Amino acid sequence: MQNLPLDASPKENQGLSLWIDGIDPRLSLLAVVIHAAVISSLNALDILSGLVFLSLVLCFLTYPFIPLLKRIMAMDGFLIFVLATLPLSVPPEKASATLWEGHFFGQALAFSETGLWMAVTIVLKANAILLFLTLMLGQVSVHKLCHALIGIKCPEKLVFLLALCLRYLSVIKQQFYRMKTAMMLRGFQLAFRIQSLKMLGFLIGMVLVRSLNRSERIYQSMQCRGFVDRLAFLPDFYWRPSDSLIAFLFIMFEVSLLGVAHHAVFI
Amino acid sequence: MQCLFECQNIDFHYPQGPLLFNRFNWQLFDGDRLGLIGGNGAGKTTLLHLLMGLLVPQSGSIVAFGKPRAAPQDFTEVRQKAGLLFQDPDDMLFCPTVIEDVAFGPLNQGMDRREAKAHSLKVLEQLNLAHLADRVTHKLSGGEKRLVSLAAVLSMNPEVLLLDEPTTGLDVKAKQRFLDVVETLPQTLVLISHESDVIEQLTDVTFDLAING
Ligand SMILES: Nc1ncnc2c1ncn2[C@@H]1O[C@H](COP(=O)(O)OP(=O)(O)OP(=O)(O)O)[C@@H](O)[C@H]1O
Ligand SMILES: [Mg+2]
Chain A
1 MQNLPLDASP KENQGLSLWI DGIDPRLSLL AVVIHAAVIS SLNALDILSG
51 LVFLSLVLCF LTYPFIPLLK RIMAMDGFLI FVLATLPLSV PPEKASATLW
101 EGHFFGQALA FSETGLWMAV TIVLKANAIL LFLTLMLGQV SVHKLCHALI
151 GIKCPEKLVF LLALCLRYLS VIKQQFYRMK TAMMLRGFQL AFRIQSLKML
201 GFLIGMVLVR SLNRSERIYQ SMQCRGFVDR LAFLPDFYWR PSDSLIAFLF
251 IMFEVSLLGV AHHAVFI
Chain B
1 MQCLFECQNI DFHYPQGPLL FNRFNWQLFD GDRLGLIGGN GAGKTTLLHL
51 LMGLLVPQSG SIVAFGKPRA APQDFTEVRQ KAGLLFQDPD DMLFCPTVIE
101 DVAFGPLNQG MDRREAKAHS LKVLEQLNLA HLADRVTHKL SGGEKRLVSL
151 AAVLSMNPEV LLLDEPTTGL DVKAKQRFLD VVETLPQTLV LISHESDVIE
201 QLTDVTFDLA ING
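Line order of the protein sequences matches chains A and B. For the first sequence, the working numbering assigns the number 1 to the initial residue and increments by one for each residue that follows. For the second sequence, the working numbering assigns the number 1 to the initial residue and increments by one for each residue that follows.
Hints are computed from structural coordinates only; laboratory data are not their basis. On a predicted model such as this, the values are computed, not experimentally measured, just so you know. Treat the hints with care, as some may be off.
Taking lysine-lysine and the DSS-like style, the derived pairs with C-alpha atoms no more than 30 Å apart in a straight line are [what the hints assert, rightly or not]: (1) Lys70(A) - Lys180(A); (2) Lys153(A) - Lys125(A); (3) Lys157(A) - Lys139(B); (4) Lys122(B) - Lys180(A); (5) Lys157(A) - Lys173(B); (6) Lys122(B) - Lys81(B); (7) Lys153(A) - Lys139(B); (8) Lys173(B) - Lys122(B); (9) Lys175(B) - Lys122(B); (10) Lys173(A) - Lys139(B); (11) Lys139(B) - Lys70(A); (12) Lys81(B) - Lys67(B); (13) Lys175(B) - Lys157(A); (14) Lys122(B) - Lys139(B); (15) Lys173(B) - Lys173(A); (16) Lys67(B) - Lys175(B); (17) Lys70(A) - Lys157(A); (18) Lys125(A) - Lys70(A); (19) Lys173(A) - Lys157(A); (20) Lys175(B) - Lys173(A); (21) Lys173(A) - Lys198(A).
Pulled a few chain B residues facing chain A out of the computed Cβ check, cut under 8 Å [to be verified]: (22) Phe29; (23) Leu54; (24) Gln80; (25) Phe86; (26) Asp90; (27) Ile99; (28) Asn108; (29) Gln109; (30) Asp112; (31) Arg113; (32) Ala152.
Here are the simulated distance ranges between beta carbons [to be verified]: (33) Gly17(B) - Ala84(A): 36 to 44 Å; (34) Arg114(B) - Thr85(A): 25 to 33 Å; (35) Asp74(B) - Val207(A): 30 to 38 Å; (36) Asp74(B) - Asp76(A): 57 to 65 Å; (37) Lys198(A) - Ser141(B): 32 to 40 Å.
Ideal Cβ placement from N, Cα and C applies to all residues, glycine included.
This is chain B alone, in the form it adopts within the complex (with noise of 0.2 Å):
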């Protein structure tokens, strides 16, 4: 099986903080449905963050899909083939539009304006938001959000998906109709979730940070 993620030896804290990683080892492996728990500021969100090389580690390397990751500009493979949902959809959905948010991402990777739109309309026509296409992204109710900018993600085509509690402040409905899109998606997947349900419909394994970082 090939590993996608391996964090060997990885010290961290913040400027000021207290060490939050201390010779942190962690593996992920290609199709692991992975939830990741662990108390409030356990470190789970600044995990996803080293990952995708948004926070740079003091001590220890991260090596992803195959290669060590040091440099800010070896981070850019990264994150083409991984995705990651922040847990707070305001910070995702910057573009005025809908269609416009959703082919961020595509326009990014190379696709011209026409080629990405006709991409991103499909991916939203996947999870049933075609209708939304042309709305104004901070009009969206905090269901609709959530699901847009899990479709700004996967217009990506990421090979990884990384949710950091993709179901807090969401209504059961709504709550529902996103667990049963994540179900159904083919990618590996980690899941940060303080909801034992979600977890356990949604994951495979889990990995307590509390415990192990």
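If we strip away everything but chain A, and leave its shape as in the complex, we get (with noise of 0.2 Å):
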């Protein structure tokens, strides 16, 4: 089955990752859209880290090691920069928050407190909402993922363009292979040289002029089967008691999440 290319295929015949390969697609994709709106709200470090180490162990616990940790580190490797750089655009908030000052090419420079905890709670958010995401989502195919979309009522139109560009991505892929193969065999070196960078654009160009051709060729046979502007997705799903029993307790977790972090008093 094809897994979405953001991750890499569950562990087999696992308890936790049949359990949630068992979930109604529907509920996990609203599952990880409520909780990405929950998680922007909060601001708690603790709460935020809790979070993080949380979804870390469910997705351990899910797929196997190595490809999730590569996963987690390309996601990472973005965030380094706003780790980096947040702390020198935010001014501080008082002055003994400022923890270094300097100057970079004349330019004062100060390293704030204020924007290191921002940057810190980021990099806390931005884990919690991907992790969670991989776990809920991360072994559902893509057809069933466009399923899901329809399901929970997204405009058939831009569905269909996602599932076109999931579909033709690997072909164009396979095109753009075939051709820097059948060059590397002609003796083709990548090397930085003008007639070697000029054959580079000549291989993306080829592969771009390609996809428009292939493109046009698609909507051709599209016409000729009666394409109008209706699209045609056959999802069938099947909620189940369990599903509505993980829904509650989920909305149930949610909200207690909103309480404890905003401080209200419920009983």
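Fit chain to chain and form the complex, with the hints in mind.
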């Protein structure tokens, strides 16, 4: 089964991954959206780190170690920049909050504590959301995801666009690698030379031209089969009693999360 | 006998290309099983695309199913009645799953979802492909893709089949399977192929575009 390009396949026949796979994908999708919204509203570092830790543990229970680690590293690679630059661009709230001051090419720079905490919060939030996304949707196949999007009433046109992208990404990739191999076989070497860069330009240009031609042919073949503007998805889902239970527990969890974070009093 | 397709004095060239069809005349009758041959670049694919209204001739007229067809909307009916199998099955299988792809045509013909799904399953069963119904289209083998794209065409119940090199790239077994399936189909058939055994098994007459085009 085709897995989302965003993650590796889950551990085989393993309790937790089987259990998550059994959840109605519409529910998983909604849960991710709600969870992301709730997390964005949180600012307490202790709760955020707790959530990251929880999702991390669950993810490692569900997916094989190495691919998951690679994925997390890829994600956090971007966040390093946030961590490094945000403290520089946020002015300190009070004078004592400045951790470091200096000059960089004549520019006065200050590394503020406010900015540092802000960056840490962003990194934690991003990780909590993405880990939860990986956990819930990492093993949902592309076509199931499309169906789920239709199921939660996303515009069909957008979903169709997504489905077509995912469908033809691999075709275009294959085409690119075929042409690249053909070039390599004829002695092409990638180097920083005009000739070599020109060839690379041709390669990329050809991929674009061919993709354009292919999109034309696909449109023609759609027309031949009576396409006007209606799109065809045949989703079938089975909402099981256990899904209702999961949904209920999940909502309770999110509400209590909000309650604790915003110091609401329930009792 | 009823004339299904007729080309009357067609002139056609691609933009900036040489004249490919010059005062071209051709007819296809109900019940014909015609092999369309001619060397590479003779214009075989182009002819099928002209018949389906995907390309527009510079002059001359195309008569299909008893009516002259000129404007793009004239071809809507033609496309319901004639099924074109593209040279590359990747161009035809654009839906996520096989069953959705096969149901794409029937849905466009106005069937509701349940009907379309049941109908598509029936077509897949007729071609012995029912086990592929829930597979993801781009994970199929070349032969499977070809058969599924045939199912996608057949699910629209066309009166005429236009097949563009359907057996290129198939291994001996997949090719034989495909030929056996097509041989039993009752439709009027236009088949492009460079393989003489395929032409021989499936068609009664041949038309050479290199000579007549
Ligand atoms: N999109 C296009 N733009 C310009 N010229 C084209 C285009 N498609 C085809 N041609 C040219 O038109 C001529 C006929 O092409 P066509 O694809 O109809 O040939 P064919 O008989 O199907 O050949 P083959 O057996 O190789 O598939 C060729 O010379 C080709 O170069
Ligand atoms: Mg051709």
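Violated hints - listed by number, lowest first: Structure breaks hints 4, 5, 13, 16, 17, 22, 30, 33 and 34.
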